[in-house]
Amino acid sequence: MTKNKKKIPPIVQLNFSKGDLIIKEGDYGMSIYDIISGKVGIFVESGGMEVKVATLGPGRTVGEMAFLTGNTRPRLASARALEDCCLEVWHPDMLLNTYKQMPGILRLIAGQALKLIVRMNKMVVELSLAEGQSNSSQTQELSNQLEHKRKFFRKKVSIECVFRPVSSSKDLKLLGRIRDIGREGLQMDVKTSGLLHYTLAPGDELFISTYLMPDQKVHMTAKIVWLEKEETKDTICLGMAFILIDSGDRQRLGFFLMP
Amino acid sequence: MTVNSQVLNYIVSEESFPDKAVIIKEGSIGDWIYVILEGCVKIKKQTFRGMLTIDTLSEGDFVGEMAMLKQSNSIRTASAVADGQVLVGILDTVRLVQEWETQPPRIKKLISNLIQNLDESTKKAADMVVTPKQPWTS
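Line order of the protein sequences matches chains A and B. Under my numbering, residue 1506 is the last one in the first sequence; the count climbs by one each step, no gaps. Under my numbering, residue 156 is the last one in the second sequence; the count climbs by one each step, no gaps.
FYI, nobody ran anything at the bench for these hints, they're computed from the structure. All values reported here derive from a predicted model rather than from experimental measurement. Keep in mind that a hint or two might mislead.
What the hints assert, rightly or not - Which chain A residues face chain B? A few, computed with CB under 8 Å, are given here: (1) Ile1279; (2) Gly1351; (3) Ala1360; (4) Thr1479.
Stated by the list, open to error - Under the rule of at most 27 Å between Cα atoms (straight-line distance), these lysine-lysine pairs were calculated in the DSS-like manner: (5) Lys1480/A x Lys1470/A; (6) Lys141/B x Lys1286/A; (7) Lys1347/A x Lys1254/A; (8) Lys1480/A x Lys1403/A; (9) Lys1476/A x Lys60/B; (10) Lys141/B x Lys1369/A; (11) Lys127/B x Lys1362/A; (12) Lys1362/A x Lys88/B; (13) Lys141/B x Lys1420/A; (14) Lys1254/A x Lys1265/A; (15) Lys1254/A x Lys126/B; (16) Lys126/B x Lys1369/A; (17) Lys63/B x Lys141/B.
Stated by the list, open to error - Covered by chain B, per the in silico footprint, the following chain A stretches (three or more residues, Cβ under 8 Å): (18) 1311 to 1319; (19) 1335 to 1342; (20) 1424 to 1434.
Just so it is clear, CB atoms sit at the ideal spot from N, CA and C, and this is done for glycine as well.
So here's chain B without its partners, still in its complex pose:
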């Protein structure tokens, strides 16, 4: 997947990360939204068994888009870690949020719901991976 030209327009700065570098840390505060320009990024969640990789994103994918939603209070819900050398574009968040906020309420509600669903199902998947099997079910 290549990066869409409409997205390139929003990039205000680029940043590169070496393998295993933390781009976003779960629980921290921040509202930058990134787009992956080169390489792969692992999405990880903290569990009592350590960091668990939930998904791997690649070129053209967004990272940190939850920050767009007011409900997120800018608290990062997952970590993003470089999987090999990574180049990301930092998006003009002010412009993006402004454009988002001016959308009609129904369409905003619909897309917020979708992003919230993603957050919830990510949480659910992480919980299920680490829940130890009960001895009587195995």
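Looking at chain A on its own, in the form it has when it is part of the complex:
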């Protein structure tokens, strides 16, 4: 497969409902969110509690700490919508060049602010927990009422993939194009002329491999849930549900699906 020149994903706006988790501490994520409307709380987890360390409103950004660490570390804090909010999502590649070209001293100042924030947040967390605050605005137990997992978004894509029926020979390579992908499954187009003598039917299981990002091959096993063929065209559209993805590939998929 040829490597495409890396394109910077466009800026998108996403809406979150009150209580939604936008960023999860410990996850690997790289998006930066610019708050357009609504309030976002920043929380640090400690001993099964979430301690609120900041409340941010329109005009402020969320997620810049990961960018400033070069996306080499997991998220340092969680961000949760405190009310319905609209956020603009920036891909870090958009800012990377300007950041690199910035005078070194400005990068050092930013780096120091980052270091000190982590220290201050730690202090706030320790103080909150030491006080054993039942003050719910400051700390809240990680109860089931709150969403723990961040939302993943189904993505419209156009990615080439190679697939073969699970029962076929390992050397077989049929070509398809993934049109849409989410955590649970994908939709792909297959040219009937490229199917050789194979036929596809709902319930069939396929091995699929593709590159979601350059240099990152991902393998998935999925089952055909539905199948549509347009009379006039040479294309079959397959709706598929994942049945097996190993943990590393699942992580890569999750990463790819993040807004």
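Since the structure of chain A is provided, determine the placement of chain B on it from the hints.
Just chain B now, with coordinates in the frame of chain A:
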């Protein structure tokens, strides 16, 4: 931590302070940005229980960088006090601010946000330290 050579370039003057000397006073107006060349500096905030040390900075760390942000109106948000003998470099603020102002808006927004967050979490930490415990929680 040693002082980065890129930072040394910006130093226009050096100043030394004896132990406990106030380098920056909270609430005063000023936009000098300093870099610590030798020694340690305590960052303190005024509370109703007196001055509270929030953090201690050392060689290579910047002091007063909040002044870079327009939102600060050049009002110092915390005091910086020498912890032992200290040597600081005074940075060419005009050059620094000029370079900062010409950065593309998104990156500026991102870093301003970070510095603002630092200011807010420092305030929050200070407030929490001095808030007396309620008798029924202790």
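These are the hints, each one checked on the structure:
no. : hint                  : result
1   : Ile1279               : holds, 7 Å
2   : Gly1351               : holds, 4 Å
3   : Ala1360               : holds, 5 Å
4   : Thr1479               : violated, 46 Å
5   : Lys1480/A x Lys1470/A : holds, 23 Å
6   : Lys141/B x Lys1286/A  : holds, 19 Å
7   : Lys1347/A x Lys1254/A : holds, 18 Å
8   : Lys1480/A x Lys1403/A : holds, 21 Å
9   : Lys1476/A x Lys60/B   : violated, 72 Å
10  : Lys141/B x Lys1369/A  : holds, 14 Å
11  : Lys127/B x Lys1362/A  : holds, 18 Å
12  : Lys1362/A x Lys88/B   : holds, 22 Å
13  : Lys141/B x Lys1420/A  : violated, 61 Å
14  : Lys1254/A x Lys1265/A : violated, 32 Å
15  : Lys1254/A x Lys126/B  : holds, 23 Å
16  : Lys126/B x Lys1369/A  : holds, 26 Å
17  : Lys63/B x Lys141/B    : holds, 8 Å
18  : 1311 to 1319          : holds (count 4)
19  : 1335 to 1342          : holds (count 3)
20  : 1424 to 1434          : violated (count 0)
Comparing the model with each earlier hint shows violations of hints 4, 9, 13, 14, 20; every other hint is respected.
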